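A.B. asks: Using the sequences and the hints, build the whole thing.
Protein sequence lines, in the order shown, are assigned to chains G and Z.
Take the first sequence: its letter number 12 is residue 14 in the working numbering, and every next letter is one higher.
Take the second sequence: its letter number 171 is residue 351 in the working numbering, and every next letter is one higher.
Any given hint might turn out to be false.
[What the hints assert, rightly or not] Negatives, chain Z to chain G, calculated, CB over 10 Å: (1) A314; (2) A359; (3) R433.
[Stated by the list, open to error] Only part of the chain G face toward chain Z is listed, based on derived beta-carbon distances under 8 Å: (4) P45; (5) A48; (6) S64; (7) G68.
Hints are computed from structural coordinates only; laboratory data are not their basis.
From a predicted model like this one, the values you see are computed outputs, not experimental measurements.
No residue lacks a Cβ here, since even glycine has one placed at the ideal position from N, Cα and C.
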Amino acid sequence: MQLKVFVNGEATVTSAATLAELVAQFGFAETGVATALNGDFVPRGARQSTRLAGNDKVEIVSPRQGG
Amino acid sequence: MNTALPNPRTPPSLTLYGVSVPSRLLLGTALYPSPKVMTDAVKASGASIVTVSVRRESARANSGMGFFELVRSLNVRVMPNTAGCRTPREAIATAHMARELFATDWIKLEVIGNDDTLQPDLFGLLEAARTLIADGFKVFPYTTEDLIAAERLREAGCEVLMPWAAPIGTGRGLANPYALRSLRTYFPDTPLIIDAGIGAPSHAAAAMEMGFDAVLLNTAVARAADPTRMAAAFAAAIAAGRSAFEAGLMEMRDTATPSTPVAGTPFFGLDKS
Numbered sequence: 003m004q005l006k007v008f009v010n011g012e013a014t015v016t017s018a019a020t021l022a023e024l025v026a027q028f029g030f031a032e033t034g035v036a037t038a039l040n041g042d043f044v045p046r047g048a049r050q051s052t053r054l055a056g057n058d059k060v061e062i063v064s065p066r067q068g069g
Numbered sequence: 181m182n183t184a185l186p187n188p189r190t191p192p193s194l195t196l197y198g199v200s201v202p203s204r205l206l207l208g209t210a211l212y213p214s215p216k217v218m219t220d221a222v223k224a225s226g227a228s229i230v231t232v233s234v235r236r237e238s239a240r241a242n243s244g245m246g247f248f249e250l251v252r253s254l255n256v257r258v259m260p261n262t263a264g265c266r267t268p269r270e271a272i273a274t275a276h277m278a279r280e281l282f283a284t285d286w287i288k289l290e291v292i293g294n295d296d297t298l299q300p301d302l303f304g305l306l307e308a309a310r311t312l313i314a315d316g317f318k319v320f321p322y323t324t325e326d327l328i329a330a331e332r333l334r335e336a337g338c339e340v341l342m343p344w345a346a347p348i349g350t351g352r353g354l355a356n357p358y359a360l361r362s363l364r365t366y367f368p369d370t371p372l373i374i375d376a377g378i379g380a381p382s383h384a385a386a387a388m389e390m391g392f393d394a395v396l397l398n399t400a401v402a403r404a405a406d407p408t409r410m411a412a413a414f415a416a417a418i419a420a421g422r423s424a425f426e427a428g429l430m431e432m433r434d435t436a437t438p439s440t441p442v443a444g445t446p447f448f449g450l451d452k453s
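C.D. replies: Given below as structure tokens:
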């Protein structure tokens, strides 16, 4: 089944059923990114059990320079 | 600066949330011309804490961990921030993501309330601080010099406060020295780190002479023509300012008093005879 979700603000169509599958489909290293779904943090260990729904807003972030 | 504080009661080394911190200079990792210059500047600064952030990762780039590996190689403690967050909810989610990525419960909490000044939203800041402390974070709130906000943040469980000197990136130095001095006097035993707005080593020295515990810098070092030399210059200024505070500054006076002894001045009173 294909779902339309927003990943880091960009609309994308995915066959991923869970957040863990989405992270893998995008080619992200599992431990190299942190995730949020619809504004709430999703811990690494909960991605597998977090099912995606249409129009979900997913944030996938990684370390960056900061002040 | 122009007012001597009473004998300083602060301990010689800086302790933040129970962690003894050797350097009173905290350095940001952003805006450097290259990663090499950033690492050189961190080394030259002697900083034992550097600030970092989280940002959206682009597909298949996986660039973030490379940066983190570089910072890890510096053997310094990292303090992630919530820069760019405008609501408590954004800041809370960002703090959680940062804790997972950087494996630290330290968070420089920013909740920005105004686009022009990047001024902290003190109401949102307090709300986010309360939630994050309940979630086990060690919160370092980026705040203004406001005494009541400081009081509330302390009550919420913030053991350290980080008041601004001036808006982020302006390099204007201590915009409101009177209010900052009041804050220092009002919270003699709370570690206070001046965060944002410092442009020159003299600004940092002035903050340290006032008795602030540390200074957090980024733009002033990263945007210098020679960031590595500037990092060293700031380190010297911060050390000098701290030593001056511990030594106890003289009080400022309105009238001149001679420093050379008056008694025994040759020809003294000659014209009157």
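A.B. asks: Does Z:A359 really sit off the interface, with its C-beta more than 10 Å from all C-beta atoms of chain G?
C.D. replies: The claim stands: Z:A359 keeps its Cβ more than 10 Å from every Cβ of chain G (closest is about 23 Å).
A.B. asks: Hint validation: G:A48 versus chain Z, beta carbon distance must be below 8 Å. Holds or violated?
C.D. replies: violated, 11 Å
A.B. asks: Does G:S64 hold up as a contact with chain Z if the rule is Cβ-Cβ below 8 Å?
C.D. replies: holds, 3 Å
A.B. asks: Go through the hint on G:G68 and say holds or violated, using the shortest Cβ distance to chain Z against 8 Å.
C.D. replies: At about 3 Å, which falls below the 8 Å cut-off, the nearest Cβ of chain Z leaves the hint on G:G68 intact, so it holds.
A.B. asks: Any CB of chain Z closer than 8 Å to the CB of G:P45?
C.D. replies: Hint on G:P45: holds, closest Cβ of chain Z at ~6 Å, below 8 Å.
A.B. asks: Are all C-beta atoms of chain G more than 10 Å from that of Z:R433?
C.D. replies: holds, 39 Å
A.B. asks: Quick one: work out the minimum CB distance from Z:A314 to chain G and report holds if it exceeds 10 Å, violated otherwise.
C.D. replies: holds, 14 Å
In summary, the structure is inconsistent with hint 5 from the numbered list given earlier, while agreeing with all the others.
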